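Colleague: Given the sequences, and given the hints that come with them, work out the whole structure.
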Amino acid sequence: MEKLRLMALIVTVFSLFGCDRQYKIGKIIPGHTNIKTAIQLLNSPIESKESTFKKEATFYKWKDINLVVENEIVTSVHRRPSSHEQYLQFWRQHYKEHNSILKKLDSQNLWQFTIENKNISVIYDENSDRVTKVIYYAAK
Amino acid sequence: MQQNKFKKFINKNNKILSIVILFAFVITAIAAIDTSKRNGIYSKSVFTLLNENKIASRKIASFLKTNYNDEITIKLISDQISELESNFEQTHNIKGNWKGVELAQLNSSQARLLVLYGHLIGDQSKSQSFKDCNDVVCVLNKCYNDKNKLSGYITYFWYLKTGSMLSLSNIIPGQKSKYPGEYFKRHHRYEDYLFNLNELKRFYKLAKTLPPKFLHNPLLKSIHKIPNELSVTESLKSEYCTRSLSTGQILINNNCVDTTKENFFVNMASQMINFIDKTSGLKNKTTSISTSQKWRNYILWNQEDFFDIESLSYKQKWTTHLTGEFLSKESNQSPTIFLRELVANYRYNPKILKENITEDIQDFIAKEFFHNQSYDDEGLYNTFLNQASNEWFINEFDQWKECTDKFLRLELFAHTKRNVATLIEDPLFNCVENKVTKFIEQVSENFQDNDFEARYFFQDKQVIPYKNKYENNLDKIIKENIIKRKFELQTYGKEVIIAQKLKAQFLSEYDPSSIYIKCFQKEFPSKCYKSNLALVLKKFFYTNLKLSKAYQKVITQEIIDILPFENISKNTNHLAKNYLQSNLLEVKKSARELWAYCQESSNKNATLILPLKFSGNKYFVDAGLVNCINLKLDNNIDQLLDRPIFIGKEKILYLTESERSFLSFYYEQIYLQVINNYLLEDVVNEKNYFKNYFSSKKGDILYQLGYYTPLFLEEALSNDHFQKLCVEKVSSIYPQNYYFHSKTELDNTYGRKICSDFAKQPKIAEKQKEALNEKWNKILSKLEKYFRNEFKASNQKCTQTYIDGLDKRQGLDDVKFHCKEIAFKKSLQYTLEEWKDFEEYSYITNREETISKHFEQIKQTLIK
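Sequence lines, in order, name chains S and Y.
Be aware that the first sequence starts at 1, since it is given in my numbering, and climbs by one per residue.
Be aware that the second sequence starts at 1001, since it is given in my numbering, and climbs by one per residue.
Treat the hints with care, since some could be wrong.
[Said to hold, decoys possible] Computed cross-link-like contacts, SDA-like style, restricted to lysine to any residue with a CA-CA straight-line distance of at most 20 Å:
1) K49/S with Q1303/Y
2) K1760/Y with H1721/Y
3) K1743/Y with E97/S
It should be emphasised that the hints constitute simulated quantities derived from the structure, not laboratory data.
Quantities reported herein were computed from a predicted structural model and do not represent experimental measurements.
Modeller: As structure tokens, this is what we get:
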């Protein structure tokens, strides 16, 4: 009985840590959050460098999330999908009342599914039939 | 008390109890015996039993003399076809007629090809009859119009060897046009879709050189030629010459298949790997090997993301220190493509790969895709050396038998180890040693029989050092083995001969694939296999109580070394193919029925139930339909696995638990792929249906909308609102049964367009403009009333305040003017705030500037 209680406690503590991280990621709002605030929330990044796509932008990398920053403000948040989010069908059904666009990205069987009025995009890999990335971006 | 009652009960019913117990024992024994027949020491897998019950001769044609140049003759290829056909179950009950060909008159391989891939044969724009043909090769040759007839043979050979089909159809999977022969908005001749003879010869060579894992992959269905060097993607021009589809097809254009180019083998293998990547990944409980963290850890690629807010486009870039300059530039685009090309080059450019890629990555590829076999000169040396020495060990008893019959003397066993030296010249051992050279020649010749790699290894001047090393080392290995036997004969006596006989018996009777199947999905299959094989051998030797424990241990290890896990696991696809091939039609039928059933019982209000096996790929699919498929999928596969297997005409077997587990993995992949093919078909059909529906109904809809115009005009508060009301009305006449569009999508694609056309009609537009202007004017007058009240109150308050605290130095007129200015600003601010509380506010957006301008216009009159 004691062992069970200990296991339950350990699982709860780890869950809280996991939820805590997700909660902090959720606090980063593209177009509003300052990079300093983001770093305070997420701790120091593994890597940060000038973006190869836009000189004015900086790319920040953590283990579970990437940020693109311009003028000190986070412009887009890139994270891995959770277990239920890995199906494109989930996104299609969840946002079926909203306008969405699906377009092919280059030649790799990658597709981008965007829900414009929610500023969300997901990247779907047709080869593996899985969503590989969830992106929140700043409004224009 | 209770105990006494129990004792009395037992004593009273002694006889009855004894009978019951005896009866139970007998039943259990019968069940145990029956089970042991299927699962006992000599248990064979269903797949082996199917193989054994072939009608066609098992005589292998591999000892035929062949041409050592690359000439393909009809005789050569038809012998190879016979050999391959003999691997399939030959009894079938496929009936019917395929374009004039009676299926019952064909053998099972040919009948199955026509049923499964008949839609990929022939010009799809016209009906054709093949009633003059009595076999599949004839059908194929008629399509090719090949007078040499070799094309048909090669195509059929490819099907038997790989399990997939070279398409002879003029429909490209996923093409935009619904008409055969139309691709990229151009019409093409039927012949443009066919591989020519030179190209087919390349496919022949490819089939002969593909490793076992590339053959009979359940997900690869067919290979299609893109006509006239057009792009492999119709929607955007691709610079690449091959492409694979998730529905099981590979598309290839001239740039890859042209015989003047050297990249054919690498490109084809690279596309085939897509399917192997997926099935291997699924076995390892990931979606694919190339997307697994394990692979990313090996190659240390880093991903950089970017999202362009202007164009709403995602971009990514992979950065790595590890690239392959010998690979295509596409290989830098993702770890998946990188892996694909490495694997293809591992097979077809092994030397270059070895020089450029680190050993740990080579080992990873070798293990995941090639059963640790390599194809460079050293790899070939290792392969042939292992195969040849294994050949000796398997047939050791036969090799020794002639000599033991002639020369074995009982005195031999009387000598002690100290006298071994005197035995070296014993005629028995000389006899065996004299066989070695001939054995090496024979086995090397057998390897070369129609094997391109073997011919290269044994004949090419480049490889002479390795060839010599092979011959020397093989000679050494065998002679060392002979010496080992000499010592064993000294130590263990004649039981060595007995053991070799038992070994030969075991190897000829026992099928290790049943152990492999049992261990297939264990965490450590190799370990499981070895320990189970050791157990089987223990039981085998126990029933043959003729060996000492010590020598039993020796011979057990020998047999385990002869039947390594890697050799058995190479044949995974091969093991399952016979069973799968004979049931593919059933899978298709079951999938079709499930698809139809779930469409009928779909529910538009359903919520998606996760996780998903069938996910609908990239398409929107009615949630009810998705849920239905996923709920019933496992059950349907179980029903397929429950089907009895007929061995010959009488024997009926059912799969064991481990066989079911082994097959269910393959079944699921094939089943889902069939479902996805139906999905793709129906998505296109529904799209076309809606196009036609709205096109034909547009006039009617516009006419009907005319009746609703007064209602729209009365209710609409803006152009957008008008559109919205219109779309709601149009959506009430959408067709009832649709599965692959959300309502929002239909609204956006059709509803809005119709309503936009409706609203643009001059009379409607004019009326709409009038109605909206009238409404807006009403709103403005309300706002003006509010404004004036606010202005008055604000102005009064301001003026009073100044009058009360009037600085006599300021004039009253100045104060009044100043207060009016302040009152105007405040009132405007309050009015704009008040506007947000209007019901109409959410429909009429961005009017703040218009309102401000309106009040600026009346400002002069107010302030004067």
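Colleague: A separate judgement is required for each hint: does it hold in the structure or not?
Modeller: Hint check results:
Distance hint between K49/S and Q1303/Y is fulfilled; the C-alpha atoms sit about 12 Å from each other, no more than 20 Å. Between the alpha carbons of K1760/Y and H1721/Y the distance comes to roughly 15 Å, so the proposed pair stays at or under 20 Å and holds. Distance hint between K1743/Y and E97/S is fulfilled; the C-alpha atoms sit about 8 Å from each other, no more than 20 Å.
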